[in-house]
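J.: What follows is the residue order along each chain.
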Amino acid sequence: MTSGMTGDMTMGTERPDDELLSAFVDGELDDAERERVDAWLREHPEDQRRVQTWAADRAALESLFGGTLQEDAPEALRAAVWRGAPGAGPPRWAMAAAAVGLLVAGALFGGAGVWQWQDQRLLAQETRLRTELAAGTAQGWVERAALAHSIYVAEPRHAVEVKAQEEHLSRWLTRRIDIPVKLFDLQPFGFELVGGRLLPDGPGKSAQLMYQDAQQRRVTVYLRKPELGTDAAFRFEKQGALGMFYWIEEGAGYALVGELPKATLLTLAQAIYLQHPKVLPAAPASPSTPAAPASRGRHPGPRLPSPFPRRLWAQKAGRLQLHTPRVLPIMRSASPMKRCWRCCTSSSPA
Amino acid sequence: MNAPAAFRRQLLGAIPRLRRYARALTLDEAAADDLSQQALERALLHWRQFDPEREMGVWLLSIAHNAHLDTVRRNARITVTDPEELLRVQDERDADPGTDVGLRMDLMAALTRLSAEQREPLLLVCVEQLSYSEVAEVLRIPIGTVMSRVCRGRAALRRYLEGGAQQRPESGSPLKRVV
Chain A
1 MTSGMTGDMT MGTERPDDEL LSAFVDGELD DAERERVDAW LREHPEDQRR VQTWAADRAA
61 LESLFGGTLQ EDAPEALRAA VWRGAPGAGP PRWAMAAAAV GLLVAGALFG GAGVWQWQDQ
121 RLLAQETRLR TELAAGTAQG WVERAALAHS IYVAEPRHAV EVKAQEEHLS RWLTRRIDIP
181 VKLFDLQPFG FELVGGRLLP DGPGKSAQLM YQDAQQRRVT VYLRKPELGT DAAFRFEKQG
241 ALGMFYWIEE GAGYALVGEL PKATLLTLAQ AIYLQHPKVL PAAPASPSTP AAPASRGRHP
301 GPRLPSPFPR RLWAQKAGRL QLHTPRVLPI MRSASPMKRC WRCCTSSSPA
Chain B
1 MNAPAAFRRQ LLGAIPRLRR YARALTLDEA AADDLSQQAL ERALLHWRQF DPEREMGVWL
61 LSIAHNAHLD TVRRNARITV TDPEELLRVQ DERDADPGTD VGLRMDLMAA LTRLSAEQRE
121 PLLLVCVEQL SYSEVAEVLR IPIGTVMSRV CRGRAALRRY LEGGAQQRPE SGSPLKRVV
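Here the protein sequences come in this chain order: A and B.
Each residue of the first sequence is one higher than the one before, counting from 1 in our numbering.
Each residue of the second sequence is one higher than the one before, counting from 1 in our numbering.
Simulated from the structure, these hints should not be mistaken for laboratory data.
Certain hints may be false.
Unchecked claim - Sample of chain A residues with no beta-carbon within 10 Å of chain B, all distances over it, derived: (1) 18; (2) 39; (3) 238.
As the list claims (entries may be wrong) - Computed footprint of chain A on chain B, listed as stretches where at least three residues anywhere in the stretch have a Cβ under 8 Å from a Cβ of chain A: (4) 67-74; (5) 114-121; (6) 125-133; (7) 153-162.
Note that beta-carbon positions come from the ideal geometry of N, C-alpha and C, so glycine has one too.
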């Protein structure tokens, strides 16, 4: 920006014009110009006051409208974005994720099934998104979990960073996010581990594990160190088609995210909860060989470790109506699980 | 072909900024969302013109700018801002007791008195934190013009804030007439 420069020969002595002072406030000057203005302002308190006032006005204007950024986008606007999208109506993932109110992230999300635009440029955009995630502009870790789910679950090619079969996945994630990351076994419920990835998450890192069943349905487990004061209650949230169970266990924040019936998600959440490393200190590193499967009974079923803190679980999940009978038919239809947690564990010692 | 999902997702992510700018332009919540919607629709219509290397936010702001200009032209003779209405909107919005309500109201009032050609560059620089070159891109004016308009807008805003109640906007056609 040089249009405001006058009289190079007398630099430092001639008064910078208003345009130069104004550009100074906006950080638009190059080094030489800035130094010249700086020098002038040091000697001329009146101009300095003016410049300070302008800077204050700038800040005031910014804060005057800043609140809009925190507001949820009205449904009408979100709908406008998806109008005429390929496929019938708005992609369900996208609607769900949008409903979470992930606004500040400037995020790319949603769109399972209509992901058609894959090339290097898209990856570059995602990199930018990850930067925004890293800046912690997404609100709350649960929202970030949903956001991360929506982004990566729709990715056929780059869904995970590290494939499940790579042995170091667990160690790698554990080291990076500073909480024990266990590769939860959801095979009894028909979900195979696809792999995992490391995500920027505010000031820290989080891990995402992705599972997929035979019908290509994907769920993600989001793991992070929770902030102090984060609510530890076991909760369920439904955002459109997207369901989320989240809880905090022994310093690890969990969010299970998926577009599945609540009952199915609950079953998976239970399994993850029960496989938490600290809850089951004796559990072997490989989750596929649980220490004492509660396989008594009629069905060869999900290999739930036993004993486990059933009472604690029931207490936490009480709000979720864990024991309502309608859970069962849904579970039968939604997953290849052959028997349920309730009936199979009722005979085992509490 | 319809706009791809990746593009739509970016659009979705840019909504908060779009709304903020629309709010600053129109100083009215409903009008701002109308403008935002127009801008989103235009963006979807012309998605092929978007260069993914560029920033979606800036592109969208330029669309909003154009849409706003169109609206203003259409409503040129009837656009009127009632100061009472302005205060009511301001009160509604003022959920944060920590901010200086007086200053905010003054700022809003002063903003309405700036000419459109001064207000837009000033808002883009101060509120949207765009660089002069980005503002030049959004408004399609030379960068030197951005520099001088920001400067004049800033000076005018200050005059209005310092109580120049009788002063009129110094140049250009007023975006809104205060009755």
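J.: Next step is simple, just say for each hint if it's right about the structure.
T.: Structure-based check of all given hints:
1. 18: It is violated; residue 18/A is separated from chain B by about 5 Å at its closest Cβ, not greater than 10 Å.
2. 39: holds, 20 Å
3. 238: holds, 20 Å
4. 67-74: violated (count 0)
5. 114-121: violated (count 0)
6. 125-133: holds (count 6)
7. 153-162: Holds: 5 residues of the region 153-162 of chain B have a Cβ under 8 Å from chain A.
Violated hints, in rising order: 1, 4, 5; the structure is consistent with all others.
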